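K.L.:
The lines below spell out each chain.
Protein chains: 2
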Amino acid sequence: MLKNDLLLRAAKNQTVERTPVWMMRQAGRILPEYRAVRAKMGDFISLVKTPEFACEVTIQPVDILGVDAAIIFSDILVIPEAMGLPYKMIESKGPWFEKTVETKEDLNSIHIAHLPNYQYVIDAIKLTKKELNNRVPLIGFAGAPFTILAYMVEGSGSKTFSKAKKWMFTQNQEAHQLLELITLSTINYLKDQIKAGADMVQLFDSWAGILSPQHYQEFAMFYIQKICLAIKAEFPDVPITVFAKGAFFARENMGNLSCDVIGLDWNMDIKESRKLIGKNKALQGNLDPCVLYSDDKTIIEETEKMLKEFGPVGHIANLGHGIYPDIEKEKAKLFIETVKNFKHTL
Amino acid sequence: MLKNDLLLRAAKNQTVERTPVWMMRQAGRILPEYRAVRAKMGDFISLVKTPEFACEVTIQPVDILGVDAAIIFSDILVIPEAMGLPYKMIESKGPWFEKTVETKEDLNSIHIAHLPNYQYVIDAIKLTKKELNNRVPLIGFAGAPFTILAYMVEGSGSKTFSKAKKWMFTQNQEAHQLLELITLSTINYLKDQIKAGADMVQLFDSWAGILSPQHYQEFAMFYIQKICLAIKAEFPDVPITVFAKGAFFARENMGNLSCDVIGLDWNMDIKESRKLIGKNKALQGNLDPCVLYSDDKTIIEETEKMLKEFGPVGHIANLGHGIYPDIEKEKAKLFIETVKNFKHTL
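Protein chains in written order, with numbering that gives the first Met the number 0: chain A, 0 to 345; chain B, 0 to 345.
So here's chain A without its partners, still in its complex pose (with noise of 0.2 Å):
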């Protein structure tokens, strides 16, 4: 049994002692304790792939900040990989692929992942899951199928991505070939991740914003609602959160998805956003990351004030943003405790 389920409640609109929080990216750079693990292993990607040091690195925010949830420490591009295309970090630059689907050919030569093409991030979350020892839940994770499409295609980062909509919208059926192909190995991935331990389980939909609304129903949307079903199916009681950075047009239509959170970003408007997504669905955010650079009264005012707007029941209390890696640690914890010692006047 889980000794601090704060998470979990709240992700299914029950009523809890007081609001959870965890942060997007807190597993990083922002402390130094993983900057020496980090030093350790030297490159990023060898620090996903061995599991005592994910391990490591996403049990230390439980232990230093007090966030009320572990992330296990990955990346989404742990699927495009597990597909068949490799990746590369390359520092300050991003992601960086030598193979993208283009073709035919290019699509023939991917496969859906499943075990053991991910096996070192399950690895992970069991031995995470272990040393956790029921403190705290631990969130697994995957990129939602339009986003890893996006990288697969684009072969790198972009702000535009333009290769990867221009690929889209003249090789239709081809983008929907690759979806589905994406769609079924995060299935299979985050099944897997549940069933080695993970509590809850988030899909990450970092690029939702550059596609229009109509783009987004077809190419982003559907897909979601093919993996929160498949993973409803099975596990019933795992809450499952979608954050679609960006895409504020798609936050009616969220209200119908069979998940249980709703991630905001720190653009949209917390009581507008209540009113289009609806009561059934938890939210999760939406501190602007920027707001963890000012002086300590700022970052209690402007938590506080976010509090106050959420409500007591059905919120999640996060950054909009993952935090950036330059914020001070103890502005962090500030944040974190903050939202802890919170009292909603009711």
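Just so you know, the hints here were simulated from the structure itself, not pulled from any lab data.
Incorrect hints may have been included.
One copy or two, it doesn't matter: identical chains are merged, so the pair holds either way.
Claimed, not checked - In silico lysine to any residue, SDA-like type, Cα no more than 25 Å apart, as pairs: (1) K11 <-> A195; (2) K87 <-> S157; (3) K304 <-> P212; (4) K103 <-> E327; (5) K162 <-> P31; (6) K158 <-> P324; (7) K92 <-> G156; (8) K296 <-> E327; (9) K307 <-> T169; (10) K296 <-> F341; (11) K165 <-> I269; (12) K328 <-> T169; (13) K39 <-> R24; (14) K330 <-> S157; (15) K165 <-> E303; (16) K158 <-> H214; (17) K103 <-> K296; (18) K330 <-> P212; (19) K296 <-> H175; (20) K330 <-> T169.
Please read all numbers here as calculations on a predicted model, not as lab measurements.
With the hints as your guide, set chain B onto chain A.
P.N.:
Then chain B, alone, in the frame of chain A:
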């Protein structure tokens, strides 16, 4: 008298025979004719600074694509340079400033821009106005103050502009001081553009989408309104367009700006935007630039669908963002022609 004033009438919500059309970044790399001039000049900034060449490439899309407006070939970074921060344009990387604004001394070392700091743009407008011979209106433009601050503090492009945002949040007073200097510079600049012959002006708030709704109001909208009011006081008949990319959350407030046209990006639903912004403003946009990668049939269908949704009054057809440089010229032409041939059923 302008031979084709469709743009100006549509901007004022007047009845027009057909919807006017132009494209952001229409004077640019999509045209082989532009690339030829660019090859002669060597670099982008020299092209911006040489009125004869700037004039030539400004008029090219009028001749070649048949657009209903010319927009002066220039860059939003003319203003930082005119204020004392010169920049370089690094091929395939973007702008780079040797000196940025950080300290009080930095703030004291820059000044409000005025003539002759940006003389070359004014000369280019005068020359273009003469060469255009009243065929179509000429649009002048500037970056909106927040976007300009972002570059002046960050020193380059960025995905998050976290350095600039950190500075704004920690140096609140200095941030407002800088925004004020940029605002006054932009008022001078746009007034001089209008005196030189610009028939209409547009403010580009390219990085609007990275601010939270509350910060957008404080750091962006306030200064945009100040510019609109100053222009309107002296030139009440010159239409002003405000295009704040990604600022979906600010649409309702934008309805209250003292401008004539609000630009929409392709994420913004047309009917919802119309409702939020109100009927007093004309709207500009908003085809997903990636649609121009599609086959001809799709381009025609999507363009006509957009035209129907906007309706016959108060719409200036455009893309939802600048055209991507690798779009084929013939596809851009097809978009323009589809708008020009379209008849609204009443």
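K.L.:
Would you mind marking each hint as holding or not holding in the structure?
P.N.:
The hints, checked one at a time:
Within a single copy, K11 and A195 get their C-alpha atoms as close as 22 Å, which meets the 25 Å cut-off; across copies the closest is 62 Å, which misses it. Taking CA atoms no more than 25 Å apart as the test, K87 paired with S157 passes in both settings, with 15 Å inside one copy and 21 Å between copies. For the homomeric pair K304 and P212, the shortest alpha-carbon distance between copies (14 Å) is at most 25 Å, but the shortest distance inside one copy (30 Å) is not. For the identical chains of this complex, K103 and E327 are inter-copy neighbours only, at 24 Å across copies versus 47 Å inside a copy, given an alpha-carbon limit of 25 Å.
Only between protomers do K162 and P31 lie at most 25 Å apart by alpha-carbon distance; the minimum there is 20 Å, versus 37 Å within a single protomer. Both within a single protomer and between protomers do K158 and P324 lie at most 25 Å apart by alpha-carbon distance, with minima of 20 Å and 14 Å respectively. In this assembly of identical chains, K92 and G156 lie within 25 Å of each other by CA distance both inside one copy and across copies; the values are 8 Å within and 13 Å between. Only within a single protomer do K296 and E327 lie at most 25 Å apart by alpha-carbon distance; the minimum there is 15 Å, versus 53 Å between protomers.
Only between protomers do K307 and T169 lie at most 25 Å apart by alpha-carbon distance; the minimum there is 24 Å, versus 46 Å within a single protomer. For a Cα distance limit of 25 Å, the shortest separation of K296 from F341 inside one copy, 15 Å, qualifies, whereas the shortest one across copies, 57 Å, does not. For a Cα distance limit of 25 Å, the shortest separation of K165 from I269 across copies, 23 Å, qualifies, whereas the shortest one inside one copy, 34 Å, does not. Taking the closest pair of Cα atoms, K328 and T169 come within 25 Å of each other only across two copies (17 Å); inside a single copy the shortest separation is 46 Å, beyond that limit.
In this homomeric assembly, K39 and R24 come within 25 Å of each other (Cα to Cα) only inside a single copy, at 20 Å, whereas the closest approach across copies is 47 Å. Taking the closest pair of Cα atoms, K330 and S157 come within 25 Å of each other only across two copies (23 Å); inside a single copy the shortest separation is 30 Å, beyond that limit. For a Cα distance limit of 25 Å, the shortest separation of K165 from E303 across copies, 20 Å, qualifies, whereas the shortest one inside one copy, 43 Å, does not. Taking the shortest alpha-carbon separations for K158 and H214, both the intra-copy value of 18 Å and the inter-copy value of 23 Å come in at or below 25 Å.
Taking the shortest alpha-carbon separations for K103 and K296, only the inter-copy value of 23 Å comes in at or below 25 Å, while the best intra-copy value is 57 Å. In the homo-oligomer, the alpha carbons of K330 and P212 lie at most 25 Å apart only across protomers (22 Å), although the nearest pairing inside one protomer, at 36 Å, exceeds that limit. Proximity of K296 and H175 under a CA criterion of 25 Å is satisfied inter-copy only: 20 Å between copies versus 49 Å inside one chain copy. Proximity of K330 to T169 under the C-alpha cut-off of 25 Å is restricted to the inter-copy arrangement: shortest distance 13 Å between copies versus 47 Å within a copy.
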